[in-house]
Structure formats: structure tokens, C-alpha cells
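Novice: Spelled out from the first residue to the last, the chains are:
Number of protein chains: 2
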Amino acid sequence: MADKIAFLGLGSMGAAMAANLLKAGFPLTVYNRTAEKAEPLRQQGATVAATPAEAVREADIVFTMLTDDKALEEITTGPDGFLNALKPGAIHASCSTVAPDTTRRLAEAHAAHGSFLVASPVFGKPDVAAAGKLWVGSSGPAEARERLKPAQEAIGQGTHDFGDDPGAASVAKLCGNFLLGTVIEGMAEALTLAEKCGLDRVGFYEMLTSTIFNTPVYKGYGKLIAEQHYQPVGAPPAIIRKDMNLVVQEAYKNEVPMPFANIIRDRLTATVALGEPDVDWASFAKRVSEDAGL
Amino acid sequence: MADKIAFLGLGSMGAAMAANLLKAGFPLTVYNRTAEKAEPLRQQGATVAATPAEAVREADIVFTMLTDDKALEEITTGPDGFLNALKPGAIHASCSTVAPDTTRRLAEAHAAHGSFLVASPVFGKPDVAAAGKLWVGSSGPAEARERLKPAQEAIGQGTHDFGDDPGAASVAKLCGNFLLGTVIEGMAEALTLAEKCGLDRVGFYEMLTSTIFNTPVYKGYGKLIAEQHYQPVGAPPAIIRKDMNLVVQEAYKNEVPMPFANIIRDRLTATVALGEPDVDWASFAKRVSEDAGL
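These protein sequences, in sequence, are chains A and B.
Number 12 in numbering that gives the first Met the number 0 belongs to position 13 of the first sequence; there are no gaps in the numbering.
Number 267 in numbering that gives the first Met the number 0 belongs to position 268 of the second sequence; there are no gaps in the numbering.
Treat the hints as calculated values from the structure; they're not laboratory data.
One should not assume that every hint holds.
If chains are identical, the list can't say which one is meant, so a pair holds when it fits in one copy or spans any two.
As the list claims (entries may be wrong) - Calculated lysine to aspartate or glutamate pairs in the EDC-like style (CA-CA distance at most 16 angstroms, straight line):
1. Lys69 with Glu205
2. Lys218 with Glu205
3. Lys195 with Glu254
4. Lys252 with Glu72
5. Lys252 with Glu194
6. Lys195 with Asp164
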């Protein structure tokens with residue numbers, strides 16, 4: 000018998016991941032605050048629940064994919080959270096990008112309840128999620144990590160184990176998003192200098208990404224930056240600004256000076272302040288051009 | 000009849016490139032200030048010249064691969080430079096990483112002499128040069144670029160055309176080295192934060208470079224940074240510090256704020272000041288660990 004799964008949070012990432020769990024044959028109950036987002040999954044065979052507690056009542060595994068720490072804590076341990084309705088022994092696979100300490104705090108709440116938390120953050124945009132090709136990080140109690148593997152396999156092309164500290168995979172996810180930010184700022188600075196020196200911006204991008212930077216991350220973000228066209232929206236600036244703030248806070252707490260991280264966070268803050276919500280977060284690259292008078 | 004080639008500057012990059020020109024069947028004369036570095040090439044069939052002028056007298060193409068702008072200008076237009084001995088119509092393939100304006104100034108000197116300058120900078124470490132797998136940039140007069148292609152094919156796996164402005168390929172090379180610097184600083188900050196949060200530095204490097212950063216640049220530099228072992232030396236800190244200073248100066252001249260470039264230049268300045276010459280330039284990643292008390 001496949002584990003019964005509840006999936007809470009059906010944004011562009013969560014909906015794609017839930018659909019792949021359904022395709023893989025897991026009995027699925029879904030919940031989203033805005034109920035209409037659950038409709039396509041209902042048509043594919045999912046049960047739609049009216050509350051988080053109702054969604055998890057029968058579940059062996061609860062996936063959450065939410066915007067931020069606050070939303071995750073509310074839906075788990077808040078007044079209308081699901082934890083009290085969860086079966087002892089069940090696993091919470093927490094996929095949101097949150098502070099490692101949030102993950103650890105929730106892990107303690109689960110331990111007190113007799114359930115398990117496994118941090119299960121994912122790398123990849125919505126199109127990658129839809130293709131079931133995410134990269135998954137996994138950390139938490141060993142037995143729970145093991146039991147979660149078939150479900151993780153249904154959403155991703157590979158799972159990397161970060162050990163027993165539930166916060167570890169959250170750290171890894173933050174570091175990964177930070178590195179994507181360095182790709183964007185780096186490409187933006189390089190293409191802007193090249194352009195102001197008379198080189199063709201797109202031609203130089205094509206040269207770089209067919210030689211030493213011939214890899215999807217540089218090709219994908221680089222194309223948006225080279226063409227200055229930040230569509231489609233993989234993730235909006237406000238969401239990743241939150242992630243970069245978590246990086247900077249984690250660096251502060253752990254006493255790690257990270258000059259690149261500070262720059263990226265401020266670029267995203269400027270982008271949010273300028274009020275362009277319907278663009279991919281790579282649009283902070285425009286700040287580099289603007290600073291250079293382009 | 001293959002073009003006769005002179006190669007001036009037999010450091011670890013130049014010697015490997017010269018050997019590949021010889022293997023490809025080009026008659027080759029070489030010159031190096033320290034004559035013993037020419038010995039292995041003599042044994043492979045090259046003629047060794049005592050001066051730059053003697054080296055280029057019969058040449059259709061002159062390659063130069065020198066440390067910096069000053070060395071390149073001295074060997075070309077200095078009192079003992081080769082330009083006056085060069086045949087009219089010959090091509091100078093300038094492979095050094097130098098300021099775009101240095102390249103343009105030399106191009107004018109060649110035009111006055113009746114010869115041609117083609118900027119021909121290369122991407123790749125000495126082992127890549129030895130394998131004939133460099134990526135080559137090319138800019139300068141169209142006819143000369145065309146004539147140079149067979150020789151560029153002998154040293155590289157591909158040549159990218161940057162058009163008529165001889166400085167353009169120098170710009171591209173500086174931007175490329177800058178991007179490599181962003182990879183190093185980015186990986187150093189990410190791995191340092193991960194380490195201080197309790198993750199295994201090497202394990203996290205392996206996860207990153209087998210998933211979203213699965214590409215030679217991240218694998219190669221990342222390994223040095225993950226293991227904190229900066230051997231073998233692809234290029235020493237002082238040489239790339241010079242390159243990053245050229246990036247920052249070019250950015251200043253062209254009015255492009257480049258916060259990442261400033262940080263990388265200062266990391267290399269600290270590394271040179273600390274006096275560790277026999278390490279790869281990626282060793283500036285140690286500054287990130289040291290700043291975090293590791």
C-alpha cells in the first residue's frame with residue numbers, strides 16, 4: 000500500500016509537485032488557502048480538503064510548500080494548524096525555503112507530538128517541478144528520511160542526504176539560492192561592462208554559455224539578463240528577497256561575513272521597492288544596467 | 000605551405016600552445032627571455048631565437064603570450080621589440096590578458112607598420128592548453144582574423160569572433176576572468192556558511208556540483224575551495240590580481256559600477272599581501288574562511 004499523502008500549499012511549485020505524487024500512484028489529499036487552485040488536482044483524482052487538519056487526518060506523509068516561515072509555522076503549529084490532527088508516526092516533508100531554526104523548531108514540535116519532520120527543500124523552477132526533475136535535499140531523523148524516499152523520487156531526479164540535523168537541508172537550500180544570486184549579479188556585471196565597451200550583449204552571452212559557462216543555470220538566467228526580458232516568472236523578487244534575507248541573517252548568526260550575499264539582498268530590496276512584481280527575480284540585474292546609465 | 004609562426008613567451012600557457020602549433024605542422028620559431036624554457040620545444044623541432052626580432056623575421060604569424068601589458072608592449076614596440084623586424088602583411092596574434100586600450104594601441108602601431116594585430120585571448124588552464132582545448136576569442140581586421148583561424152584551431156576547441164575592434168576580445172577575456180572570480184567568491188561564501196552551520200564542506204560541494212552546478216568550472220575551482228588545497232597552480236594570485244585590476248579600471252573608465260569586481264580585486268590584493276605565491280589564485284577563498292574565524 001502506498002503511503003497516503005496530504006499536500007498543503009498549491010502555488011506554482013506545490014501544484015506541480017502534487018500532480019507528480021498523484022501520477023506516481025500516491026493517494027492524495029490537497030489543501031490550499033485559495034481553494035480554486037486545488038480544482039485541477041481534484042480533476043486529476045485528488046481529494047480536496049477544506050482545512051489543513053482535515054487534509055492530514057488520514058495521511059502518512061504531509062508535504063508543505065509555502066511562501067515563508069510564518070506561513071509554514073501557522074499551517075503547522077498555529078491555532079488552525081494541522082499538527083494536532085496528525086497521526087503519530089506520520090512524516091512532515093517540509094519543502095519551503097525557510098530559516099534552519101524554523102525547521103528545527105518545527106522538528107521539536109513534531110517530536111513532542113510523536114511525528115517526524117524531514118526538511119525536503121527542492122531546487123528547480125516550476126517547469127522543472129512539472130517535469131518531476133527537481134533536485135531534493137533531505138535532512139531529519141534517519142528512519143523518516145528513509146521512509147520518505149519513494150515520495151521524493153516521485154517529485155525529483157535525485158535526493159541528497161544531509162543527515163540528522165533537520166535544519167541542514169534548509170541551510171543547503173539557502174546556500175543554493177544564494178549561489179543562483181551570484182550567477183545573476185555576476186552575469187549582469189559582466190554583460191553590462193561588455194555592452195558599454197561596445198560588445199553585443201546577446202552575442203557575448205552566447206559565447207560564454209557555449210564555452211566555459213555551458214550549463215543550464217547560466218543559460219537560463221543569462222538569457223533573461225542578456226535580453227533584459229524577465230519572463231516567465233520562475234519566482235518573483237519578493238520571495239527570493241525573503242530567502243536572501245534569511246541567508247544574511249544566518250550568516251550574521253553564524254558569524255560569516257558574506258559580501259556577495261549583502262549585495263544581492265540589497266539588489267532585491269531595490270527591485271521590490273521599485274515595484275515590479277510580475278517579473279522573475281533575475282530582474283534585479285536591471286539595477287546593474289541602470290547604475291551604469293543604461 | 001603552412002604559415003610560419005613565431006611564438007614569444009613560453010610560460011606554462013605559452014609553452015603548451017606553442018607545442019600544439021608545432022604538432023599541427025606549423026614551422027615554428029620560439030623566443031623566451033629565460034632561454035632554458037625553450038629547450039623542450041627545440042627538442043620537438045622548433046627553432047630557438049635569441050631575440051624577439053630574430054624570432055619574427057621570417058614569420059607570417061607572431062603569437063605572444065606574456066604576463067602583462069608592460070611586457071607585451073616592450074616586446075612589441077619597445078627598443079628591442081619585434082615590430083620593426085616584422086614582415087609587412089604579417090599578423091600578430093596577441094593572447095595575453097591585457098587592457099583593451101593596450102590592444103588598440105598596439106593595433107595602431109601595427110597598422111602604421113603595414114602589419115595586423117588580432118587579439119586572440121584564450122580561456123583555460125595550462126592542462127587545457129596542453130590538450131589543445133582552449134576557447135579562443137578573436138578580434139581585429141576581418142581578413143587577418145580569417146587568415147589566423149587555422150592556427151587558432153591548432154590551440155583550441157573553438158574560436159569566437161568579436162568583430163573588427165581589436166579591443167573587443169580583450170574586453171571579453173577580462174569579463175570571463177571576472178566571472179571565474181565570482182564563482183570562487185560565491186562558492187567560498189556558500190561553503191563557509193554551510194560549514195559553520197554544521198554541514199560537511201566537501202559533501203555539500205559534491206551535492207552542488209552533481210546537481211545545479213554540474214559543470215567543469217564549478218567542479219574544478221569548487222574542489223580546491225571545498226578541500227582548501229590550492230594545487231596545482233593554474234595561475235598565481237598576482238597574475239589574476241592584475242586582471243581584476245584591469246576589470247575595475249575598465250569599469251571605471253566606462254562608468255559601470257561593479258561591486259562584485261571590487262570585492263574580488265580586494266580579495267586578491269589581500270592574498271598577494273599575505274605572500275603566498277605558490278598557490279592557485281582560487282586561494283583567495285581562504286580569506287572568506289579566515290574572516291569567519293575558521
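Novice: From the Cα coordinates, with 16 angstroms as the cut-off, is the pair lysine 195 and aspartate 164 best called within, between, both, or neither?
Specialist: between (48 angstroms within a copy, 13 angstroms between copies)
Novice: 16 angstroms Cα cut-off: does lysine 252 pair with glutamate 194 within a copy, between copies, both or neither?
Specialist: Cα proximity of lysine 252 and glutamate 194: across copies only (13 angstroms, versus 39 angstroms in one copy).
Novice: First find the shortest C-alpha distance between lysine 69 and glutamate 205 inside one copy, then the shortest across copies, and answer within, between, both or neither for a cut-off of 16 angstroms.
Specialist: Result: close neither inside a copy nor across copies, 41 angstroms intra and 32 angstroms inter.
Novice: I want to check one pair: lysine 218 and glutamate 205. Are their C-alpha atoms no more than 16 angstroms apart within a copy, between two copies, both, or neither?
Specialist: within (8 angstroms within a copy, 21 angstroms between copies)
Novice: Have a look at lysine 252 and glutamate 72 and pick one of within, between, both or neither, based on CA distance no larger than 16 angstroms.
Specialist: Neither: 21 angstroms inside a copy, 50 angstroms across copies.
Novice: Can you tell me if lysine 195 and glutamate 254 fall within 16 angstroms by alpha carbon in one copy, between copies, both or neither?
Specialist: The answer is between: 8 angstroms across copies meets 16 angstroms, while 38 angstroms in one copy does not.
In this structure, the earlier hints numbered 1, 4 are contradicted, and the remaining ones agree with it.
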